[in-house]
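Those protein sequence lines, which keep their order, are chains A and B. For the first sequence, my numbering gives the first residue as 1, with consecutive numbering after it. For the second sequence, my numbering gives the first residue as 123, with consecutive numbering after it.
Hints listed in this document are in silico derivations from the structure and should not be mistaken for laboratory results. Among the hints, erroneous ones may be present.
Quick list of the computed label-pair ranges, beta carbon to beta carbon [what the hints assert, rightly or not]:
1) P202(B) - R117(A): 51 to 59 Å
2) R128(B) - R117(A): 32 to 40 Å
3) G84(A) - G263(B): 19 to 27 Å
4) F247(B) - R101(A): 41 to 49 Å
Here are a few chain B residues that sit away from chain A, every Cβ distance over 10 Å (derived from the structure) [claimed, not checked]:
5) P130
6) I157
7) A187
8) V201
9) V205
10) P271
In this text, a Cβ means the ideal position worked out from N, Cα and C, and glycines have one as well.
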Amino acid sequence: MPGREEPRPRPVRLTVVLADWCPHCVPLSDRYSRRLARILRVPVRRLDIDVARQERAADRIVRRHGDPDPDYLIPQVFLEWSNGRIDHLLTGFSEEVARTRQAWNDLLRSGWLRRVRAGEAP
Amino acid sequence: MTRPQRLPPIVERALRPKDGHCYRHCSRPLRAHRILLARPGVGWVFACPSGVVSVTRYAEWGDRAPTERVARELRRRCVPPGVVRRRDLRSATRHGPELGRAAERRLASRPDLRVRAVYWRVYPFARRSVEHRLFACFRHGAGEVVFYPAPSDSTGRDCPRCAVERRGRRR
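Let's have the full structure, built from the sequences with the hints guiding it.
Structure, rendered in structure tokens:
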């Protein structure tokens, strides 16, 4: 309708691409992604690359929005928005598990998350 | 396409490794060696005191993953070059929010660029039934490195370029 403002996009789902054998993924990113999802009040979609159907969805989101490679890094985390936009948030740090943990902590303390919680879509 | 740029110092500091350990080899602390791998970014080799490489990382500020360029530069530093395989190279995009508040503020000034990292990890492999690993030799000048595969129990003194240089000195 003319003059009517488009509603602000809001987060609708957090997607985590992971594998159970990966120490950057389980339990670390599993736990942190649930925490982030609680803060954002969205559900978590867990895509396990060792489960055929989930692997296809994982490959698709990584190829289109993440860090794609023949043997891509995990975990990769994505935030989906109500307007269809998908943001890549984080890829595991190959250096060490502690570095991936630090990235999660920084993400949870970030100005970006504060703005999203305040309803200011980035 | 925007030309890739050097990482801002504050971002480089945010990416600096903390403390890792050599995994399934000697468990000793890893040393981070800064190397001149490709321009304009910065390369790091994480290796144990014996020279066994855990992972090599290159990072720059750009609009696309520099994977192919990094592969070429790694091949120039590897004996034999065929050890560098595409499937062992993995890219990662780093965003401001996961790098701490200071880096987040700095990276927000150029929303068109991202921190693009490429990791090269070679897992142990068997050659003539002997387990081999990737070693790195840092005795070739500041920022220089030579990568080579050797048996896992090697002392890290089998660098093929060092051997060539020794032979050259003897003549």
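Each hint, compared with the structure:
1. P202(B) - R117(A): 51 to 59 Å: 53 Å, holds
2. R128(B) - R117(A): 32 to 40 Å: For R128(B) and R117(A) the Cβ distance comes to about 33 Å; the hint holds.
3. G84(A) - G263(B): 19 to 27 Å: Given a distance of about 52 Å, which is not inside 19 to 27 Å, the answer is violated.
4. F247(B) - R101(A): 41 to 49 Å: About 30 Å separates the Cβ atoms of F247(B) and R101(A), which means 41 to 49 Å is violated.
5. P130: Label holds. Min Cβ-Cβ 16 Å, cutoff 10 Å.
6. I157: Per Cβ check, I157(B) is outside 10 Å of chain A; nearest 15 Å; holds.
7. A187: 7 Å, violated
8. V201: Fine: 24 Å to the nearest Cβ keeps V201(B) off the interface.
9. V205: 16 Å, holds
10. P271: About 19 Å separates P271(B) from the closest Cβ of chain A, which puts it past 10 Å; holds.
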